[in-house]
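Visitor: If you follow the hints, you should be able to join the two separate chains into one complex; please do so.
Take a look at the letters that make up each chain.
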Amino acid sequence: MRDTVIEIQDVNTTLGGKAIHRGVSLNVQRGEVIALIGGSGTGKSVLLREIIGLSPPDSGSIKVLGEAVWQIKPARLGSLRTRFGVLFQDGALFSSMSVEHNIATPLREHTQLPLSECVRLARLKLALVGLPPDVATKQPSELSGGMRKRVALARALALDPELLFLDEPTSGLDPISARAFDRLIRLLSDSLGLTVFLVTHDLDTLFSIIDRVIVLSDGRVLGEGSIDRLRGIDDPWLTEYFSTRTGRVQEEG
Amino acid sequence: MTVLASGDWVVHNPDMVRPPARPAGNFTALDGSGLTALDTAGAWKLLDVLRAGDEPLSASGGAPSLEFRNFKPQHLSILRLVAQHFAVTQADATRHPASIRAVLGRGALTFWQHVLGLLNFVGQLTFELATLTRHPGRYRWRELGAQTQAIFINAIPISIALIFLLGVVFAYLMGVQAQKYGANIFVVDGVAMAICRELSPVILAILVAGRTGAAITAQLGTMKVTEEIDAITTLGLSPYAVLVVPRLIALQIALPLLVFLGDIAGVLGGMMVAEQQLDISPAMFFDRLDNILDMKTVLVGLGKAPVFALFIGLIACRMGFAVKRDAQSVGVNTTSTVVQSIVAVIVLNAIFAVIFVRLGI
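Just so you know, the protein sequences line up as chains B and X, in that order. Read in order, the letters of the first sequence are residues 1330 to 1582 in our numbering. Read in order, the letters of the second sequence are residues 47 to 407 in our numbering.
Only chain X is shown next, with the shape it has when bound in the complex (with noise of 0.2 Å):
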């Protein structure tokens, strides 16, 4: 018996979704007479209707044996070489979603990973840091410039205008409180304790950790993609050295410098509030804030910030040189650079929060 084939059999072709039904019977031969037109997917597709139809798919599963008869020559070769590799196309392909005990098991491993990856990467910088203190003539003072360029100087704009913007909300939501007991020259008191030992610190912390931890991340690992890292090794030169120690370095300064400044701007947004609501002129407000702020609650802040600076420019190195040779893992590498940095700046925090009211600092 013979099925013939008519039609359009293509791929655009919006039939393709219901095929007709398998032809009832046995049948041995297959009569192109009747075909317009013919690709490859519409050749699998002729294939698999006329494949016997209760069998299961497997993977052995092989084209229909038949005879091609009457065909164009042009058809007959696409049939040809579709019937050919016919079997591939017969395994399982839909996908098994994962156990959540797999997700689990990833997810543990995934994390142990980046802790044993974050030590070994510390562990390499130090040994790279002890060869740079022997050879100081292989430190890289020009990029330290560009670096401190672009995280400190291009950041001033935006760190000062986000803390003076927190000292005048801070101010004024506690000057309404403040108003109702009379207390307002506490007001002072305030904004600037929570200006310099937290809130600028974290914030900034958290600011570079998004602006700069990323840009790091992202740069060293289209650096890893474009390979121009395994270039650097190659020409006899320490990747740490020109590209990891330049960074850490520049964090080192501009964090600090960033806090300071932070801090200056918090509490000038705080006195913008005072005169405002609070009637406390600039003067009343200073001679408050000599009384009040003493050298201590400063040094607490702006010494966070080179903890902060450390781990998140350790974070960022680590990961961007972690990068996998695709874009798809820049992406990730640079999202998770990120989360770590803001979790690690906020536990560094906390941490620190217990240590100084344990030492009664």
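Extracted from the complex, chain B is given alone in its bound form (with noise of 0.2 Å):
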């Protein structure tokens, strides 16, 4: 029972006069846990941004759960957008309410249930992302930055997505919270069936958790698949990318 979830088709997109993407074209299949790397400025984070629906791009298609995000109507966009979960790279809490009621708004605004049950669904998810109890109440100026992760991944969560955009989910992070945050987001994919779309830099990401990575360079997908078929690709940026593992996999082995 494999399906497409995202469906991208030779998109184009230009920036302040720069080309950013010169058809790209991907595709991700249900259950996948995808990673899209790339130097900087390649237009990875643009094209997540269009891919959920916040920046338009020039021409091309995107579908994402079978709805061309560009091409429906508001309301419909509204209602695809709470089929899918976004984790931002600073986590983007908001910082006028506290943990639990930052899970528990996606809920109130899209359910019907009423607020007790909300905040009771807000504590299950974030019991499920690893954080105990006693944070619930806490104001999100108020805890560390691995934590702020986890409690905007529990509300990308809140609604039970079938999909999870994650912009650099291990930037700012220690290795050892990353790490754990790795394993989280493989568990909660493993046991919730999600698909999962990640932005990332973190080699160590790609090495434990992907299934496939897509590589995004001068505009286009320069290559996908596993990290092995990545690396018989002969591309200066990739080739150096990699070489920066290289050496820690030796020492390790």
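Hints should not be assumed to be uniformly reliable.
Capping the alpha-carbon separation at 25 Å, the derived lysine to aspartate or glutamate pairs in DMTMM-like fashion look like this [claimed, not checked]:
#1 B/Lys1467 - B/Asp1519
#2 B/Lys1467 - X/Glu273
#3 X/Lys118 - X/Glu189
#4 X/Lys118 - B/Asp1519
#5 X/Lys118 - X/Asp54
#6 X/Lys118 - X/Asp77
#7 B/Lys1392 - B/Glu1471
#8 X/Lys370 - B/Asp1463
#9 X/Lys370 - B/Asp1419
#10 X/Lys118 - B/Asp1332
#11 B/Lys1392 - B/Glu1553
#12 X/Lys118 - B/Asp1540
#13 X/Lys370 - B/Glu1491
#14 B/Lys1467 - X/Asp372
#15 X/Lys118 - B/Glu1361
#16 X/Lys118 - B/Glu1491
#17 B/Lys1392 - B/Asp1519
Here are the simulated distance ranges between beta carbons [stated by the list, open to error]:
#18 X/Thr48 - B/Arg1558: 40 to 50 Å
#19 B/Arg1549 - X/Gly377: 36 to 46 Å
#20 X/Trp158 - B/Phe1423: 25 to 35 Å
#21 B/Pro1403 - X/Gly256: 28 to 38 Å
Hint data in this document are derived by calculation from the structure and do not stem from the laboratory. Ideal Cβ positions, reconstructed from N, Cα and C, are used throughout, including at glycine.
Guide: This is the structure we're talking about:
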């Protein structure tokens, strides 16, 4: 029962007179954990914003869960958005609300559940992302960076999405927290049957939890597949990118 | 006995609000063969329905111990995960409204902290000013120029327009009364005194409090949030010398000058009405003005301006530094700056009025 949840065809984007995407096409199947990598300025985050309907591409088609994001009416886009969750780079928690109300917000907006049940569900999500119950009533400003990310992940999971977008999930975390966060994402994607699409620079994330990697370079998809397959591609950026890790792998081996 | 679960137990199912009642009797197993869809919210609801119904909610209340049968593998993993974390959702989740005493106490404490904070700020600032006098090279002339432009130059049009219209309205309303007594010429006295002594300083101080005070707090507050102020400190610079002092001095320059321009604009507004409505020619107006408006009145008005400016600047900078590291705090403190500044201006003006009356000025 494999179906395509993200379908991107021939997307072109120009920002500030510079061509960012020149015919990007890619597909993501249900249940996959996909990483989008590429050097700085190759338009990874821009592509992510286009997929989740925040900034439009110049041309091309983007379909998420079978809906063409940039063609459907705003109301349809709104209901499509309840079917995927987004984790922004810095968490983007609402600073005026406690942690549990941050997570309960999407539930209150999009379901008819009473507030007390929304809060109970929020606490469940908080436990799912591995945070202790006493975090629930804290304010986001009282949390460490790693905890904020987990709370943001819990909020992204609030509506039990089929699809999860993560923008640099491990940036700004120490290596131990980052690996724990990786494992958490894999655990949740396996047990909840989530499709995960993440933008990352973190090689350790790639090596530990990713099913398939897509490389964006020079406005196009340079290659995709397993890491071993990507190592075979002759590209200066990719070679250098993987070489930053090779030394450590040999040390460990 | 086995309970059979069926249908869509997902968060988007509208029937989630009206879950079925707990089946009667004792049961030991849950059969999931009829489930068509299940997510974590649905799994939680399912367990919540099956939780021993009469038991009160408690933090220790765990998931009902059941044997899960005939579940699809993906449903089973979700259900297991939720059952494992079920207990935390059973703690009391209702919020208790704060008592009136707590609200009052918190308010009083906040007020006291404001007072202490301002005192601390003034102390720090005095110290920094002393250092700055010994090392004048550290002073930021460029920043002073930029701030003076923002606080003074850019505020000139609005200030002139504001006080001009105030002069027009004031002269018009007073003229209506004065005409009844044939006392047209006294409108000149009224407008000149009111504008120069009270209206121009107070109204422009309130304008600057809203315009500049809010801007200062918002800017310093945002710099606090983005750690720019910490960066300034670690570069060996003093945030007081770099940020606060130029703003305070710019305010000292700007407000008296704005009040002076306001005086002129207000009197001109009064003159326009006097000519149109009361048949007082500009020549007569100026003649009368020369007789009744002595230097003292103008200086009283201009002399209040630096004091207002000092308080606005201190409050705005101090509230900017007091911002916590979140967006809401920037908004709260900016509002607080405007409120505190306006209150300060009005209270100070009242104190000035009493002092001047006592001194016979």
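Visitor: Next, verify each hint and record whether it holds.
Guide: Verification of the supplied hints:
1. Straight-line distance between C-alpha atoms of B/Lys1467 and B/Asp1519 comes to about 29 Å, which puts the hinted pair past the 25 Å bound.
2. Between B/Lys1467 and X/Glu273, the direct Cα distance comes to roughly 22 Å. Compliance with the 25 Å bound is thereby established for this hinted pair.
3. Taken as a hint, the X/Lys118 and X/Glu189 pair is broken in the structure, with Cα atoms around 68 Å apart against an allowance of 25 Å.
4. Taken as a hint, the X/Lys118 and B/Asp1519 pair is honoured in the structure, with Cα atoms around 14 Å apart against an allowance of 25 Å.
5. The straight-line distance between the Cα atoms of X/Lys118 and X/Asp54 is roughly 13 Å, inside the 25 Å bound, and the hint therefore holds.
6. Between the alpha carbons of X/Lys118 and X/Asp77 the distance comes to roughly 10 Å, so the proposed pair stays at or under 25 Å and holds.
7. Between B/Lys1392 and B/Glu1471 the alpha-carbon distance is near 38 Å, which puts this suggested pair outside the 25 Å criterion.
8. Between X/Lys370 and B/Asp1463 the CA atoms are separated by roughly 22 Å; this keeps the pair inside 25 Å, and the hint holds.
9. A distance of roughly 17 Å separates the Cα atoms of X/Lys370 and B/Asp1419; the hinted pair therefore holds under the 25 Å criterion.
10. For the proposed pair X/Lys118 and B/Asp1332, the alpha carbon gap of about 19 Å is at most 25 Å, so the pair holds.
11. Distance hint between B/Lys1392 and B/Glu1553 is fulfilled; the C-alpha atoms sit about 19 Å from each other, no more than 25 Å.
12. Between X/Lys118 and B/Asp1540, the direct Cα distance comes to roughly 23 Å. Compliance with the 25 Å bound is thereby established for this hinted pair.
13. The suggested pairing of X/Lys370 with B/Glu1491 is violated, with an alpha-carbon distance near 36 Å, which exceeds 25 Å.
14. At roughly 14 Å between alpha-carbon atoms, B/Lys1467 and X/Asp372 fall within 25 Å of each other, so this suggested pair holds.
15. The hinted pair formed by X/Lys118 and B/Glu1361 meets the criterion: a straight-line CA distance of about 19 Å does not exceed 25 Å.
16. Distance check on the hinted pair: X/Lys118 and B/Glu1491 sit about 17 Å apart at the alpha-carbon level, within 25 Å; holds.
17. As the CA atoms of B/Lys1392 and B/Asp1519 are separated by approximately 24 Å, the hinted pair is consistent with the 25 Å bound.
18. Under the hint 40 to 50 Å, the C-beta atoms of X/Thr48 and B/Arg1558, about 49 Å apart, fit the expected range.
19. Distance hint for B/Arg1549 and X/Gly377: a CB-CB separation of about 44 Å, consistent with the stated range 36 to 46 Å.
20. Separation of X/Trp158 from B/Phe1423 is about 29 Å and conforms to the stated range, judged on CB atoms against 25 to 35 Å.
21. For B/Pro1403 and X/Gly256, the hinted distance range of 28 to 38 Å is satisfied, since their beta carbons lie about 36 Å from each other.
Figure legend: structure checked against the earlier numbered hints; hints not met, in rising order: 1, 3, 7, 13.
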